[in-house]
Structures are given as structure tokens and as C-alpha cells.
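Given only the sequences and the hints, what does the whole structure look like? Please build it.
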Amino acid sequence: MKIKPEASSVRETVTTALGSRIPIVQTSEAETVIKIKDGATIMLGGMLETTKKDNIAGLPGLSRMPFLGPLFSSRDKETKKSELVVFITPHIIRGDVAKKGSEPEDFVPPQLCLKN
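This note's numbering puts the first residue of the sequence shown at 47, with every later residue one more than the last.
For the record, the hints were derived by calculation from the structure and aren't laboratory data.
Note that the Cβ used here is the ideal one computed from N, Cα and C, for glycine as well.
It is possible that some hints are incorrect.
[What the hints assert, rightly or not] List of simulated lysine-lysine pairs, DSSO-like, C-alpha gap at most 27 angstroms:
{"hint": "1", "residue 1": "LYS83", "residue 2": "LYS50"}
{"hint": "2", "residue 1": "LYS48", "residue 2": "LYS83"}
{"hint": "3", "residue 1": "LYS98", "residue 2": "LYS123"}
{"hint": "4", "residue 1": "LYS81", "residue 2": "LYS98"}
{"hint": "5", "residue 1": "LYS81", "residue 2": "LYS99"}
{"hint": "6", "residue 1": "LYS99", "residue 2": "LYS83"}
[As the list claims (entries may be wrong)] With beta-carbon atoms standing in for the labels, derived distance ranges:
{"hint": "7", "residue 1": "THR87", "residue 2": "LEU64", "range": "47 to 57 angstroms"}
{"hint": "8", "residue 1": "LYS50", "residue 2": "GLY85", "range": "35 to 45 angstroms"}
{"hint": "9", "residue 1": "ILE68", "residue 2": "MET47", "range": "31 to 41 angstroms"}
{"hint": "10", "residue 1": "GLU77", "residue 2": "GLN157", "range": "15 to 25 angstroms"}
{"hint": "11", "residue 1": "GLU77", "residue 2": "LEU114", "range": "53 to 63 angstroms"}
As C-alpha cells, this is what we get:
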């Protein structure tokens with residue numbers, strides 16, 4: 047089985063001259079081939095992502111003054127870590143044998159079924 051997990055997130059948004067907003071997407075992906083028995087569970091992990099934000103807020107004119115700026119502004123640093131973990135339990139389905147519980151008689155009322 048070939049597996050290709052992907053994690054995407056919007057990194058930033060760009061506004062055009064006409065006012066349209068276009069998202070800039072950051073994508074991480076991995077690709078692997080596994081061999082596993084029917085009904086066994088496998089876990090894929092290790093796609094780590096760290097995002098750092100540095101937000102500065104304050105009064106528009108006063109927060110940019112050289113020595114008084116820090117008195118009228120605040121700074122917030124945020125670090126976020128995330129990991130994508132995928133659990134897969136494959137089941138082999140054969141096309142020549144119907145799965146138990148999927149017979150037409152289970153879905154169609156008995157009075158509509160043809161009797162031999």
C-alpha cells in the first residue's frame with residue numbers, strides 16, 4: 047500500500063490591488079510504501095510543524111516613539127507545535143464474495159423479493 051499524508055495550512059494572506067484576498071498555503075507531505083496484514087493497525091507519525099508568531103499591538107502614534115514606545119505597546123510571542131499522526135487499519139475486500147450483511151434481502155422488504 048502506498049501512503050502519502052499531507053498537512054496544509056494558510057501561512058499568510060495577500061491582498062491584491064482590486065481587494066481580493068489570496069491565501070499563501072504551506073504544505074508538508076511524506077510518502078511511504080507499507081506491507082501490512084489484513085486487519086492489523088499501523089501508525090505513521092513524525093510530520094512535525096512549529097509555528098512562531100510575534101504580535102505587537104499598541105497605540106498607533108505613541109507605540110513607535112523611541113523611548114516611550116514600550117510604555118504604550120505590548121508584545122506577545124507564541125510558539126505552536128503540532129504533529130500529524132495517521133492510524134490505518136486495512137481490510138481486504140474480495141470482489142467475488144459478498145460481505146456478510148450486504149445481501150439484497152437485508153435491504154429490500156421481503157414482499158418485494160422474488161421467490162424461487
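Structure versus earlier hints, numbers of those that do not hold, lowest first: 4, 5, 6, 8, 10
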